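Each chain is listed here by its residues.
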Amino acid sequence: MGAESPAPRLALRGIRKAYPAVVANDGIDLAVLPGEIHAVLGENGAGKSTLMKIIYGVARPDAGEIRWEGRRIEVPSPQAARALGIGMVFQHFSLFETLTVAENVALALPGERDLAALARRIEEVSARYGLPLDPRRLVHSLSVGERQRVEIVRCLLLEPRLLIMDEPTSVLTPQAVRRLFETLRQLAAEGCSILYISHKLDEIQALCHAATVLRAGRVTGTCDPRRETASSMARMMIGKDLPVCEHAEARTSGEARLVLDGLCLPAQDPFGTELQDIRLRVHAGEIVGVAGVSGNGQQELLRALSGEVTLGRAEAVKLAGVAAGRLHPGRRRRMGLGFVPEERLGRGAVPTMTLSENTLLTAHRAAGMVRGGLVQRARLRAFALEAIGRFAVMCGGPEAEARSLSGGNLQKFIVGRELLQAPRMLVVSQPTWGLDVGASAFIRQALIDLRNAGAAILVISEELDELFEICDRIAVMAKGRLSPAARTRDTSVEEIGVWMSGLWPGAAPDAGEAARAPAP
Amino acid sequence: MRLRLEARPAPSRAMRYLSPLVATALTVVAGFIVFSGLGREPLAAFHAFFVRPVSSLNGLAELVLKASPLMLIATGLAIGYRANVWNIGAEGQLILGAIFGGGLALAFPGAESRWFLVLMVLAGATGGLLWAAIPALLRNRFNTNEILVSLMLVYVATLLLSYLVHGPWRDPQGFNFPQSRMFADAALYPILAEPTRLNAGFLVALGAVACGWLFIERSFLGYQMRVAGLAEAAARYAGFSSGRTVWIGMLAGGAAAGIAGVGEVAGPIGQLTSSVSPGYGFAAIIVAFVGRLNPVGIVFASLLMSLLYLGGESAQMELRLPSAITGLFQGMLLFFLLGSDVLVHYRVRLLPRAPAPREEAAA
Numbered sequence: 001m002g003a004e005s006p007a008p009r010l011a012l013r014g015i016r017k018a019y020p021a022v023v024a025n026d027g028i029d030l031a032v033l034p035g036e037i038h039a040v041l042g043e044n045g046a047g048k049s050t051l052m053k054i055i056y057g058v059a060r061p062d063a064g065e066i067r068w069e070g071r072r073i074e075v076p077s078p079q080a081a082r083a084l085g086i087g088m089v090f091q092h093f094s095l096f097e098t099l100t101v102a103e104n105v106a107l108a109l110p111g112e113r114d115l116a117a118l119a120r121r122i123e124e125v126s127a128r129y130g131l132p133l134d135p136r137r138l139v140h141s142l143s144v145g146e147r148q149r150v151e152i153v154r155c156l157l158l159e160p161r162l163l164i165m166d167e168p169t170s171v172l173t174p175q176a177v178r179r180l181f182e183t184l185r186q187l188a189a190e191g192c193s194i195l196y197i198s199h200k201l202d203e204i205q206a207l208c209h210a211a212t213v214l215r216a217g218r219v220t221g222t223c224d225p226r227r228e229t230a231s232s233m234a235r236m237m238i239g240k241d242l243p244v245c246e247h248a249e250a251r252t253s254g255e256a257r258l259v260l261d262g263l264c265l266p267a268q269d270p271f272g273t274e275l276q277d278i279r280l281r282v283h284a285g286e287i288v289g290v291a292g293v294s295g296n297g298q299q300e301l302l303r304a305l306s307g308e309v310t311l312g313r314a315e316a317v318k319l320a321g322v323a324a325g326r327l328h329p330g331r332r333r334r335m336g337l338g339f340v341p342e343e344r345l346g347r348g349a350v351p352t353m354t355l356s357e358n359t360l361l362t363a364h365r366a367a368g369m370v371r372g373g374l375v376q377r378a379r380l381r382a383f384a385l386e387a388i389g390r391f392a393v394m395c396g397g398p399e400a401e402a403r404s405l406s407g408g409n410l411q412k413f414i415v416g417r418e419l420l421q422a423p424r425m426l427v428v429s430q431p432t433w434g435l436d437v438g439a440s441a442f443i444r445q446a447l448i449d450l451r452n453a454g455a456a457i458l459v460i461s462e463e464l465d466e467l468f469e470i471c472d473r474i475a476v477m478a479k480g481r482l483s484p485a486a487r488t489r490d491t492s493v494e495e496i497g498v499w500m501s502g503l504w505p506g507a508a509p510d511a512g513e514a515a516r517a518p519a520p
Numbered sequence: 001m002r003l004r005l006e007a008r009p010a011p012s013r014a015m016r017y018l019s020p021l022v023a024t025a026l027t028v029v030a031g032f033i034v035f036s037g038l039g040r041e042p043l044a045a046f047h048a049f050f051v052r053p054v055s056s057l058n059g060l061a062e063l064v065l066k067a068s069p070l071m072l073i074a075t076g077l078a079i080g081y082r083a084n085v086w087n088i089g090a091e092g093q094l095i096l097g098a099i100f101g102g103g104l105a106l107a108f109p110g111a112e113s114r115w116f117l118v119l120m121v122l123a124g125a126t127g128g129l130l131w132a133a134i135p136a137l138l139r140n141r142f143n144t145n146e147i148l149v150s151l152m153l154v155y156v157a158t159l160l161l162s163y164l165v166h167g168p169w170r171d172p173q174g175f176n177f178p179q180s181r182m183f184a185d186a187a188l189y190p191i192l193a194e195p196t197r198l199n200a201g202f203l204v205a206l207g208a209v210a211c212g213w214l215f216i217e218r219s220f221l222g223y224q225m226r227v228a229g230l231a232e233a234a235a236r237y238a239g240f241s242s243g244r245t246v247w248i249g250m251l252a253g254g255a256a257a258g259i260a261g262v263g264e265v266a267g268p269i270g271q272l273t274s275s276v277s278p279g280y281g282f283a284a285i286i287v288a289f290v291g292r293l294n295p296v297g298i299v300f301a302s303l304l305m306s307l308l309y310l311g312g313e314s315a316q317m318e319l320r321l322p323s324a325i326t327g328l329f330q331g332m333l334l335f336f337l338l339g340s341d342v343l344v345h346y347r348v349r350l351l352p353r354a355p356a357p358r359e360e361a362a363a
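Residue numbers (the numbering used here), protein chains in the order written: chain A, 1 to 520; chain B, 1 to 363.
In case anyone wonders, no lab produced these hints; they're calculated from the structure. Since the model is a prediction, treat every value here as computed from it, not as a measurement. Where is the CB? At the ideal position from N, CA and C, for every residue including glycine. Just to be clear, a hint being listed does not mean it is correct.
Said to hold, decoys possible - Derived DEER-like restraints, expressed as beta-carbon distance ranges:
| id | chain 1 | residue 1 | chain 2 | residue 2 | range |
| --- | --- | --- | --- | --- | --- |
| 1 | A | R113 | B | R16 | 49 to 57 Å |
| 2 | B | A30 | A | G368 | 47 to 55 Å |
| 3 | B | E194 | A | G330 | 48 to 56 Å |
| 4 | B | A107 | A | E386 | 56 to 64 Å |
| 5 | B | N84 | A | E386 | 30 to 38 Å |
| 6 | A | G330 | B | A107 | 38 to 46 Å |
| 7 | B | V156 | A | L107 | 48 to 56 Å |
| 8 | A | G396 | B | R16 | 17 to 25 Å |
| 9 | A | G368 | B | A184 | 47 to 55 Å |
| 10 | B | R244 | A | E386 | 25 to 33 Å |
| 11 | B | N84 | A | E65 | 42 to 50 Å |
Claimed, not checked - To spell it out: a stretch of chain A is covered by chain B in this simulated footprint if at least three of its residues, at any positions, have a beta carbon under 8 Å from a beta carbon of chain B; those stretches are:
| id | region |
| --- | --- |
| 12 | 181-192 |
| 13 | 297-308 |
| 14 | 327-340 |
Unchecked claim - Listing some non-contacts, in silico: residues in chain A with all C-beta distances to chain B over 12 Å:
| id | residue |
| --- | --- |
| 15 | R71 |
| 16 | L118 |
| 17 | R120 |
| 18 | E167 |
| 19 | S170 |
| 20 | A392 |
| 21 | A402 |
| 22 | R403 |
| 23 | A422 |
| 24 | G506 |
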């Protein structure tokens with residue numbers, strides 16, 4: 001390892017990459033020193049991922065140069081990157097679920113034949129860096145955090161001199177995040193450079209030695225995050241101050257609007273999650289959050305709530321006091337249930353239809369949109385205009401196709417469409433996933449306003465910060481079970497983190513043992 | 001060097017509607033090449049194929065007569081196709097329509113009421129509907145593939161018709177030809193313009209196209225079908241029933257094809273024979289796509305397809321080309337249409353050399 005070399009381990013100069021619709025990187029300079037943990041900070045769409053793909057040889061720059069330990073290089077492929085000593089842990093894992101850990105690792109190591117020897121090496125490396133891992137286990141039985149360890153160990157076996165981590169904490173519990181940071185610090189101390197991609201300011205402050213901030217494909221600043229405040233970095237990242245939500249104490253009327261009473265649902269596919277005895281009450285005038293690492297049954301719960309999957313027992317889901325478990329989505333909507341799914345394009349909206357036409361998807365009962373079986377297009381347009389105006393949707397007007405909108409604006413439109421129908425109950429999944437800070441704050445405020453107007457709101461999110469910001473009570477989903485809901489002001493990120501591993505007071509005895517969360 | 005198709009970020013709307021015209025032009029150009037290759041004088045052949053058939057009043061009437069079943073069936077199919085319900089068996093549903101409508105005419109040879117024809121049309125619609133209900137039911141119940149089931153039922157329908165006209169429904173005075181008795185006058189569409197063969201079936205087809213347009217473009221049910229075709233998850237999210245989508249999609253095509261079947265036996269043919277359609281049910285699939293699955297476009301596309309039928313007949317007589325020339329031109333039209341559609345949605349890129357794409361997956 002050339003850890004003592006004075007030159008930067010990796011230096012980029014003037015990197016440019018243009019795609020048909022957008023310039024993703026424009027004149028990017030970046031230097032990473034040996035043993036440095038260097039943050040690449042920016043909102044979604046700022047060009048972080050493109051830049052990492054260029055370094056890792058997945059994409060090729062249109063212009064600019066890459067220097068590796070002072071030497072000008074080309075990175076034509078991920079193979080070439082690995083040969084140089086660059087490893088990358090992707091945000092979305094690439095593991096075969098039906099193979100063991102060792103087999104998965106072997107696939108990435110050319111010429112590796114001796115699985116037993118490899119398993120020993122895996123155990124060695126995982127013990128050395130505090131990443132406990134059993135090489136003989138099948139990947140589908142691993143938690144998300146454990147899968148990430150497989151990816152990391154796979155990189156470490158190649159003894160990288162630069163490790164790229166793409167949003168590594170988005171799938172981890174707070175405890176697992178701390179353990180990951182310890183591993184990364186140890187690696188850095190041994191001379192490995194780390195490029196750490198994130199938009200979470202507190203993590204970057206806690207971990208990184210240097211930061212390069214991107215906005216809209218350009219570098220807007222470099223700094224030492226330990227000397228900055230969160231708001232000064234946010235200004236670099238979004239060009240203005242961080243918006244804050246107003247959140248007063250909930251005034252619930254006590255009426256339980258959305259009740260889950262012993263909801264059970266068998267797994268729909270071999271790697272799906274079985275829902276077991278879910279109990280939850282959401283009252284009028286409160287927001288209840290469901291935290292948890294994704295893949296623990298959230299998708300299944302959402303489908304059971306919306307009616308996309310109907311249940312055998314009607315009483316398992318009660319909407320405003322009416323047993324609704326067997327009703328399909330249209331009927332539930334008629335009872336006042338609004339629903340915002342996490343996939344905006346293709347589920348929440350039809351990509352190639354106009355915004356006007358997309359209002360009809362769920363709002364067809366409102367505002368006389370359908371008369372005598374025929375669509376009243378003027379009403380659609382009026383409704384779309386109102387959603388666009390009230391929810392500050394940036395778009396080409398009501399006749400713009402849904403797919404022409406940015407993720408944040410489409411989400412504002414969908415939330416607007418649901419909110420304008422004045423739902424009595426609202427279920428929202430990942431409300432601000434992939435959105436920039438401004439749009440996120442706007443949507444959170446809209447949810448709080450709806451709560452203040454007396455609706456019962458259920459928010460399912462992976463972002464703990466978000467749940468703590470807007471929810472009155474928080475429950476945790478782990479391995480198809482739901483914890484009791486704790487009052488937000490009586491609990492803490494720490495406690496919720498423990499619950500995320502399935503260990504809440506009164507949890508079923510088998511919940512902890514196989515829980516899908518990595519805390520040991 | 002290798003080629004790669006790269007999705008265009010925003011396919012041109014104008015080109016989407018122009019691509020049928022581009023395809024037509026390319027078909028004509030390719031036709032020139034085919035005619036030259038066959039040793040015919042291309043301009044004369046072009047004239048014989050595309051101009052002479054429509055240079056008389058009778059020719060124009062024939063054009064509309066043959067376009068009528070095509071636009072009718074294509075409109076019915078488009079309703080399903082917009083919802084990703086792939087009814088490929090309109091030919092069989094047409095035959096069942098002919099059997100139901102024609103059977104009624106044969107059962108009441110003394111019918112005199114004008115309303116009898118209406119009954120026949122309804123019977124024909126029922127026949128096509130029932131035949132299309134089989135693949136719909138199987139798909140909804142057992143998740144079978146409606147493309148295969150509807151296609152295979154075409155051959156069952158053909159054999160059923162063949163059995164009837166060779167057997168129980170054969171005209172006893174017909175010198176053993178496989179055909180039924182001629183229908184009574186009340187069981188025939190009235191002629192619109194003597195002395196041509198153009199009959200009131202054209203008005204039925206136009207009416208169906210208008211209804212189809214209203215349904216697809218303006219009705220809430222049609223909207224639900226379009227959503228199902230464009231984004232299945234969105235349809236599920238909205239609570240639009242997928243079973244109903246399959247039913248409506250299949251039955252619309254079936255009923256339209258059944259009515260078209262009556263149009264043939266109660267129109268130009270006037271009796272049941274072993275072959276009641278020169279492949280209208282299949283040609284209508286091409287018509288539906290050339291017409292962009294839009295009823296207005298379908299009217300124009302059906303006229304074009306009808307011209308290919310007439311041109312094919314004319315080419316057989318005047319140029320002594322085989323009857324396969326019609327199928328050849330239909331095929332070329334579809335090929336060029338699909339080809340130009342690909343280029344509307346994608347651009348072709350030349351890449352210098354092949355990197356190893358497997359690495360990315362294993363990384």
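Structure-based check of each hint:
1. At about 54 Å, the beta-carbon gap between R113 of chain A and R16 of chain B stays in the expected band of 49 to 57 Å.
2. A C-beta distance of roughly 52 Å is found between A30 of chain B and G368 of chain A, which places it inside the suggested range of 47 to 55 Å.
3. As the Cβ distance of E194 of chain B to G330 of chain A is approximately 54 Å, the hint placing it in 48 to 56 Å holds.
4. Separated by about 60 Å at the C-beta atoms, A107 of chain B and E386 of chain A satisfy the suggested range of 56 to 64 Å.
5. Between N84 of chain B and E386 of chain A the CB atoms are about 32 Å apart, so this pair conforms to the stated range of 30 to 38 Å.
6. Look at G330 of chain A against A107 of chain B: about 44 Å separates their beta carbons, and that is inside 38 to 46 Å.
7. The beta-carbon spacing between V156 of chain B and L107 of chain A, approximately 50 Å, falls within the hinted interval of 48 to 56 Å.
8. At roughly 18 Å, the beta-carbon separation of G396 of chain A and R16 of chain B lies within the given 17 to 25 Å, and the hint holds.
9. Roughly 50 Å separates the CB atoms of G368 of chain A and A184 of chain B, a value that falls within the hinted 47 to 55 Å.
10. The hinted window of 25 to 33 Å between R244 of chain B and E386 of chain A holds, with their beta carbons roughly 30 Å apart.
11. The hinted window of 42 to 50 Å between N84 of chain B and E65 of chain A holds, with their beta carbons roughly 49 Å apart.
12. Counting residues of the region 181-192 of chain A whose CB falls under 8 Å from any CB of chain B gives 0; the rule of at least 3 is not met.
13. Counting residues of the region 297-308 of chain A whose beta-carbon sits less than 8 Å from any beta-carbon of chain B gives 3, enough to reach three: the coverage restraint holds.
14. Residues of the region 327-340 of chain A with a Cβ under 8 Å from some Cβ of chain B number 7, which satisfies the need for three, so the listed coverage holds.
15. With a closest Cβ-Cβ approach of about 22 Å to chain B, R71 of chain A is found to remain outside the 12 Å limit, as its non-interface label requires.
16. With a minimum CB-CB distance of about 15 Å to chain B, L118 of chain A clears the 12 Å threshold, and the non-interface call stands.
17. Non-interface call for R120 of chain A relative to chain B: holds, since the shortest CB-CB distance, roughly 22 Å, exceeds 12 Å.
18. Listed as a non-interface residue, E167 of chain A keeps its Cβ farther than 12 Å from every Cβ of chain B; the least gap is roughly 16 Å.
19. With a least CB separation of 19 Å from chain B, S170 of chain A remains clear of the 12 Å interface cut-off, as annotated.
20. The Cβ of A392 of chain A lies farther than 12 Å from every Cβ of chain B, with a closest approach of about 24 Å, so its non-interface assignment holds.
21. The beta carbon of A402 of chain A is not kept farther than 12 Å from every beta carbon of chain B, the shortest such distance being approximately 9 Å.
22. A cut-off of 12 Å between C-beta atoms contradicts the statement that R403 of chain A is not in contact with chain B; the least separation is 9 Å.
23. The non-interface label for A422 of chain A is consistent with chain B: the shortest C-beta to C-beta separation is roughly 18 Å, beyond 12 Å.
24. Chain B leaves G506 of chain A outside its interface by the beta-carbon criterion, the shortest separation being 34 Å against a cut-off of 12 Å.
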